[in-house]
Amino acid sequence: MSALPRLAKDAPPVSISAPAAAVDIATDQPRHDSTSSSLADEDKKSNDDLTWSPTSHSNAESLIDDVNAPLSRTHVFQDEKVADHWRQLYETTKYENRHRFDPSFEWTSEEEAKLVRKIDYRILAWSWVMFMSLDLIRKNINRALADNFLTDIGMNQNDFNNGNIVFLASFLSAELPSGLISKKLGADIWVPVQIVSWSVISASQAALTNKAGFFICRCLQGLAQGGFLPDQILYLSYWYTSKELNTRLSWFYTVLGLSQIVGSLLAAAILQLRGLNGLAGWRYLFGFEGLITGIIGIISFFLLSPSPTNTKGILRGKNGWFTEREEKILVNRVLRDDPSKGDMNNREGLTPRALWRALGEKDLWPVYLLGLVVFQPYAPPTTYLSLILKQLGFSTLKSNLLAIPSQFFFAFNTVWYTWLSARLNERGFLASLSNVWNISFLIPLYLLKHSSTTHYNWIRYALITCLTSVPYCHPFLIGWVSQNSNSVRNRAVSLCLYNMSVQVGSILATRIYTNEDKPYYAKGNLALISLAALGIVLSWAVKGYYIWRNNQKKRIWESMSADEQLQYKLTTKEEGSKRLDVQFVH
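Quick note on this note's numbering: the sequence shown kicks off at 1 and runs consecutively.
Hints are supplied without guarantee of correctness; some may be wrong.
Stated by the list, open to error - Result set (PhoX-like, lysine-lysine): computed pairs, CA atoms no more than 20 Å apart in a straight line:
| no. | residue 1 | residue 2 |
| --- | --- | --- |
| 1 | Lys518 | Lys390 |
| 2 | Lys390 | Lys449 |
| 3 | Lys312 | Lys118 |
| 4 | Lys554 | Lys573 |
| 5 | Lys362 | Lys553 |
| 6 | Lys362 | Lys573 |
Rather than coming from a laboratory, the hints here were simulated on the basis of the structure.
Please put together the full structure from these sequences, using the hints given.
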């Protein structure tokens with residue numbers, strides 16, 4: 001048996017036994033074979049070259065000048081036995097795009113690039129708008145604080161903290177059930193229902209008069225919004241390759257910063273209505289933003305497409321968005337990147353047994369643990385930014401406007417940091433650097449605990465602005481979970497579990513800044529420094545775990561003959577990340 005090539009440390013979780021497309025990292029575009037003989041050489045290797053890595057075919061493949069040349073990539077389905085195996089599986093699962101599956105189909109790099117831009121416009125852009133509607137509603141309660149919201153309904157900061165716990169606990173409890181409902185009904189049906197629901201609840205907050213009503217609304221809001229993000233990311237994974245998805249998530253998560261900018265500008269204007277018709281400004285804020293998101297939800301019912309091969313609809317045109325050839329490109333490029341994306345159809349729910357198996361994917365739990373800790377250090381300053389500024393003596397208008405710079409830089413940092421992760425194919429190390437950033441500003445913020453002059457308040461503002469502008473690692477962490485899941489079944493559950501771990505961390509973070517610790521929150525900042533240090537250590541530990549597991553798998557895999565490897569690939573009952581021919585990214 002010829003020597004097996006070494007596994008790259010970050011090879012994506014696709015079948016090792018079948019070479020995947022080499023990709024130009026800078027452009028996200030697939031590489032072409034330089035000659036037809038290179039493909040012939042690859043075919044002759046047959047079962048000998050069973051180990052995939054992003055660079056394993058770099059000597060045989062190179063970019064060519066003619067972008068209209070046929071795209072003849074090495075891929076998993078070039079082996080007829082493998083193609084037949086997956087074709088049978090797609091028929092068994094009634095995969096909705098199976099009629100466009102074609103292992104011999106070819107297309108050009110130019111065609112694919114145009115098509116990716118098209119789905120960016122058709123799919124990603126509206127997903128971004130829907131996420132904006134969620135975050136606008138989720139955070140408007142924070143902006144209402146600058147308009148004496150707590151005083152108006154007879155609460156203090158500790159009551160507000162408890163309300164946030166109720167919201168986050170409800171959000172968390174809805175994550176998995178919402179994901180299971182979405183998997184059964186389809187995100188194109190379930191997500192619009194969610195949006196309309198949370199718009200109605202948000203508008204109803206305009207009528208709040210007491211603490212009990214506040215708690216009820218926060219509970220209902222959490223139940224309505226829980227599960228949206230895992231649902232949307234699973235939905236996007238049907239349209240994009242793994243590398244493309246990571247890049248798109250960076251743009252998707254710019255919502256977290258830009259929604260704050262939009263929300264702050266809206267609040268700065270709407271809260272000035274305080275006194276109009278005898279009503280507080282925050283009541284107008286809740287009512288107006290509820291109306292806007294309701295309109296987005298109604299449009300979503302008619303705009304979301306179930307799948308690449310089913311795009312006809314009232315707002316999508318009687319002929320749909322794509323030609324038959326474009327549908328074939330969409331389907332085959334995604335399946336060649338990850339064949340497991342067709343192992344369930346988009347209206348297939350999870351059985352209790354499948355759910356239990358997905359929960360038992362122990363190799364995904366280290367990232368869940370990371371999600372629990374790594375975002376806590378910047379959460380309280382972000383949540384209470386408007387309130388902190390008001391406590392430091394700034395007016396309602398200034399408190400909202402001064403929050404804008406940090407959110408602009410947060411959005412900018414999210415994009416370039418996720419791009420850097422994709423460029424370097426690195427996750428754990430960069431996750432640790434996010435908390436190095438946090439700790440760099442938390443320490444001086446803590447040291448200012450006894451300084452109370454106006455001059456020092458501006459220094460505090462500058463430090464908090466830098467702290468809340470953190471390069472956000474959440475997009476590539478959730479992409480990390482998605483890639484390492486290696487099946488639709490696992491992905492549907494793992495994305496929910498990861499988001500649940502993040503929400504648990506958010507619940508814990510709500511108790512860090514307390515009413516007794518204001519306005520400088522010295523005890524709270526000391527706790528955040530400790531959590532940031534823990535996040536740095538955990539990031540490295542998770543990366544080390546995946547390196548260790550990859551080496552374990554590689555030793556077993558390389559001890560098998562080529563025939564044994566092929567037989568394993570076709571007959572193994574192991575699924576997801578448990579497969580020996582799957583390497584973890586880290």
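Numbers of unmet hints, in rising order:
Failing hints: none at all.
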